[in-house]
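Trainee: Those protein sequences? They're chains X and V, same order as listed. Quick note, this note's numbering runs 25 ahead of the 1-based positions in the first sequence. Quick note, this note's numbering runs 25 ahead of the 1-based positions in the second sequence.
Don't take every hint at face value.
Where chains are identical, the list cannot tell them apart; a pair therefore holds if satisfied intra-copy or between any two copies.
As the list claims (entries may be wrong) - Within a straight-line C-alpha distance of at most 25 Å, the following computed SDA-like cross-link-like pairs (lysine to any residue) qualify:
(1) Lys-67 with Gly-382
(2) Lys-47 with Phe-338
(3) Lys-174 with Asp-162
(4) Lys-47 with Ala-376
(5) Lys-67 with Ile-153
(6) Lys-357 with Met-167
(7) Lys-45 with Ala-376
(8) Lys-298 with Asp-78
(9) Lys-257 with Glu-29
(10) Lys-257 with Tyr-146
(11) Lys-301 with Glu-197
(12) Lys-257 with Arg-311
(13) Lys-201 with Ser-27
(14) Lys-343 with Arg-198
Read the hints as simulated data drawn from the structure, not as lab findings.
Protein chains: 2
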Amino acid sequence: MSWESKVRRTVPYTAGEQPKEKNIIKLNTNECPYPPAPGVRKAIDELALRSDDLRLYPDMNAADLTDALSAFYGIDSSRIFVGVGSDDVLALCFLTFFGSGDPILFPAITYSFYPVWADLYGIPYQSIPLTEEMGIDPYEYMPRLTGVKNGGIIFPNPNAPTGVEESLTTIERIVKANPDSVVIVDEAYIDFGGTSALPLTEKYDNLLIVQTFSKSRAMAGLRVGFAMGNEKLIGYLKDIKFSFNSYTMNLPSIMLGKAAVEDREYFELTTGKIVKTRERFKEELRKMGFVFPDSRANFVFAAHPDFSGDYLFTELRKKNIVVRHWNSPAIKEYLRITVGTDEQMDAVVSALREITGRG
Amino acid sequence: MSWESKVRRTVPYTAGEQPKEKNIIKLNTNECPYPPAPGVRKAIDELALRSDDLRLYPDMNAADLTDALSAFYGIDSSRIFVGVGSDDVLALCFLTFFGSGDPILFPAITYSFYPVWADLYGIPYQSIPLTEEMGIDPYEYMPRLTGVKNGGIIFPNPNAPTGVEESLTTIERIVKANPDSVVIVDEAYIDFGGTSALPLTEKYDNLLIVQTFSKSRAMAGLRVGFAMGNEKLIGYLKDIKFSFNSYTMNLPSIMLGKAAVEDREYFELTTGKIVKTRERFKEELRKMGFVFPDSRANFVFAAHPDFSGDYLFTELRKKNIVVRHWNSPAIKEYLRITVGTDEQMDAVVSALREITGRG
């Protein structure tokens, strides 16, 4: 025996490739193709003036940042929790809310971190198949109908990597049918034309919304995510967070994050552009014979009846276009292509025309 | 029943007060009284030029930062792990290395986060009394002598809040006697004249050293901590870390952290100044009749035979001097006073002279 027998082992999640070459069109990790709001640059200049303050611990409540979010979403700061990217917030939610011992439920095709966190914390889970249209069937999440007692429910809306958005009616049905569980809606991709379930948190105290600065706010490099829900839910999250690490949000995150949130006009302009580009891109994909669920996210999840996912991925990579492709049987024929600028998507369309000979 | 019955509850750690008034002498959270290295200011200017890059995910390995640490400490980057402050690194170590089910061991008087993390992860623990001189007795940590099988060992060196440093001989004895457990030496305060156990990691594969940017590197506001050990230990930590959140170090942490590490001269200058101020301050405390273990950290843990800890704390607070005081019985007569600048410590000495009428 040695100390190694005591080590907790896990198969880590594999994130998308971060290619180092220049001249790459990088459409594999759903980053925003536009830079952060102009105010962020100004906030960096302010940070330079305040650089001596880096010697001090930051505000453990990150009040400047939560106050900015409070103003943006029109809810009290006590209903907002911030963390080091939405992955940090979500992992903490698993630890805080999903430990009852009953299996938690999430879709069979979804964000691949969910089963990893569940395994890590020893949380049992059941993954629920999607409908034929790659949607979520609310009835599968109702304990009275299925006879399955659950320890919590989580799903992204729009779902990843399908891009399919569920209606607020569907979400409300699930939340209402599960008063004894916390239901987490992971809205990482909600800002590209989707409808947030945030208003439902006024009515249901078991609903938590999680969002991120990494996509619509063009700040993947800053690592900021947040949760919104009733004060009690947020309070429980804070209690657990403060037993780990009181100070997770560094001074740059607070100052630059605040600046990003304050510019609503830029946010609407850039997300609006991405939506427009996405719809144009879908049109071109259709012409080439691609099939795909109707994405409301900043990516399209597409397959072609005549070409394998692996082949398309490899051919695009040869042309310096990097998209995301998984080898798991259920989705191996699909590519997840991030929506970039119009110019980038024109290049993707040209490349796919050459590869498929269609369109 | 409701969802609340499924929530994991905890009593969160209470961090030191962060007073908002100006004209406060803040000596309660062991921050560095000097600003970060001048290169940090330059790194912020570079960040301004690269602000568009904030839209992209940061390097998940934070290679620029670990390479800078690698050059500073003369060890390979594969032996270094970075996280969001040493609290993040330490909490992850508890999860990764301390889950065998056997009780972990740490001193009875020590960093108050240890029992909190243990409780959070359901790790049993035994706290071992300090010696009369507030030191660590290595024999108490030897399974063959005590008959107690342990699941791991952790202690700060110098210890907090006592400031007492253990010799490398003591540390080596503990590490050597526990080949079946990971031994973590939390060196948050090692840079103020202490001797790091880092060289022992070449000899023992079960030894992990944890350090922080929050004290000697004047970067509490950046949230950077790191672990050093053999490649296998670091690899296990990375596996668990990547199953939580692949990207924890934001772009500012990587760029500004690198700049802080690269300036060895400034680091030695400022830590040297703090050591000198500490020794001068101890002399003045002695003259007033204070008793204290011989601190090798950037704080002094002192009590006065004629005045209660609570009284001294309250009187100093009235004079706008904030130090740390705990109510737990074992240490309630003590104040933990951070070593600031010479000017700040002169003010503390004057205040204590007035309060005690001594010196």
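Trainee: If a hint holds in the structure, say so; if it doesn't, say that too.
Mentor: Structure-based check of each hint:
In this assembly of identical chains, the alpha carbons of Lys-67 and Gly-382 never lie at most 25 Å apart, being 47 Å within a copy and 52 Å across copies at closest. Only within a single protomer do Lys-47 and Phe-338 lie at most 25 Å apart by alpha-carbon distance; the minimum there is 19 Å, versus 59 Å between protomers. Taking the shortest Cα distances, Lys-174 and Asp-162 sit within 25 Å of each other inside one copy (17 Å), while across copies they are farther apart (51 Å). When the C-alpha separation of Lys-47 and Ala-376 is checked against a cutoff of 25 Å, the pair qualifies only within one copy, where the shortest distance is 18 Å, while the shortest distance between copies is 61 Å.
For the homomeric pair Lys-67 and Ile-153, neither the shortest alpha-carbon distance inside one copy (46 Å) nor that between copies (52 Å) is at most 25 Å. Taking the closest pair of Cα atoms, Lys-357 and Met-167 never come within 25 Å of each other, the shortest separation being 30 Å inside a single copy and 53 Å across copies. Taking identical chains as interchangeable, the C-alpha atoms of Lys-45 and Ala-376 lie at most 25 Å apart only when both belong to the same chain, with a minimum of 21 Å there against 58 Å between chains. In the homo-oligomer, the alpha carbons of Lys-298 and Asp-78 lie at most 25 Å apart only across protomers (19 Å), although the nearest pairing inside one protomer, at 38 Å, exceeds that limit.
For the identical chains of this complex, Lys-257 and Glu-29 are inter-copy neighbours only, at 9 Å across copies versus 40 Å inside a copy, given an alpha-carbon limit of 25 Å. Taking the shortest alpha-carbon separations for Lys-257 and Tyr-146, both the intra-copy value of 23 Å and the inter-copy value of 22 Å come in at or below 25 Å. Taking CA atoms no more than 25 Å apart as the test, Lys-301 paired with Glu-197 passes in neither setting, with 29 Å inside one copy and 64 Å between copies. For the identical chains of this complex, Lys-257 and Arg-311 are neighbours neither inside a copy (47 Å) nor across copies (49 Å), given an alpha-carbon limit of 25 Å.
Within a single copy, Lys-201 and Ser-27 get their C-alpha atoms only as close as 50 Å, which misses the 25 Å cut-off; across copies the closest is 12 Å, which meets it. Taking the closest pair of Cα atoms, Lys-343 and Arg-198 never come within 25 Å of each other, the shortest separation being 46 Å inside a single copy and 57 Å across copies.
The structure is inconsistent with the numbered hints 1, 5, 6, 11, 12, 14, although it conforms to all the rest.
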